[in-house]
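Participant: Sequence:
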Amino acid sequence: MVRDPRLRWPVVVPDELSGLRLSSVDRRAKYLLLRFPGMTAIVHLGMSGRLRVVSENLPVGKHDHVDFRFEGDRVLRLNDPRRFGSIHFSDDPVEAHWLIKNLGPEPLSRDFSGEQMHRLSRRRHQAVKMFIMNAQVVVGVGNIYANEALYRAGIRPRNAAGRVSKARYLELESAIRSTLSEAIEMGGTTLRDYFGSEGKPGYFRQKLFVYGREGEECRRCSTELKGIRLGQRATVYCPTCQH
DNA sequence: ATAGTCACCTGAGCGC
DNA sequence: TGCGCTCAGGTGACTA
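Take 2 as the starting number for the first sequence in the working numbering and just add one per residue.
Errors might be hidden in some of the hints.
Said to hold, decoys possible - Each computed SDA-like pair below joins lysine to any residue, with the alpha-carbon atoms no more than 20 Å apart:
| id | residue 1 | residue 2 |
| --- | --- | --- |
| 1 | 227 | 241 |
| 2 | 167 | 123 |
| 3 | 167 | 121 |
Everything labelled a hint here was simulated from the structure, so no lab data went into it.
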């Protein structure tokens, strides 16, 4: 039941969804895949989206845009203040969906490698930070984790992707893996008003080396961390530890 | 084809 | 207390 269809794209629910039983929930990149027989809901939470299972009697709150109604009185309720999220439905295999089909490898899978990043990056002048935030290269690396991974790998964000050596891409691969694994372990990163599924903050913020620390001292060498903008996104690095 | 910019949206935070 | 401004972020669309 769509209360307000105005998410990133207008929400359109196919009639055939009615009566289907949710069979499983998967994930691809930052998309949640709610699998129904013959139909998949592709849900992105954007920046501020939350899904909660509540009673249908729970008063509808501000920004409660969509309800998936289930048996009994339970509903899966989407709340998304900033409306950067989205919901699509596909009765074809999701791998063929336009949002999914061009996505790069999962960063925690064996399909992801520094080797491949190196190969893909040849002759590219784009900044390496933008390169690893490109979902066709690897998925799941947003602004915060791109900053952190580059710090861990000792690479300057502004370096041209095509000039980063294979050895450094191998470093970067493990930096991305460790950064994301640890962040997941700690429940993600809470900044400002952004909270996790239980309404609790993510504690990875305490382990950030550079993100949000512009002007503060590098935890490793005490150099003042430098802030720049890259692709219109906040970028922070240590001029001493990262080259 | 690649690279860079724009746009979407709301609430937090800040200066006055 | 309130007003207005800036910023944050994911990612497709657009421009050059």
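Participant: Is the straight-line distance between the alpha-carbon of residue 167 and that of residue 121 20 Å or less?
Facilitator: holds (11 Å)
Participant: Hey, residue 167 versus residue 123, does the alpha-carbon distance stay inside 20 Å?
Facilitator: Cα-Cα ~10 Å, so holds.
Participant: Can you confirm whether the C-alpha distance between residue 227 and residue 241 stays at or below 20 Å?
Facilitator: holds (10 Å)
Violated hints are absent here; each numbered hint is respected by the structure.
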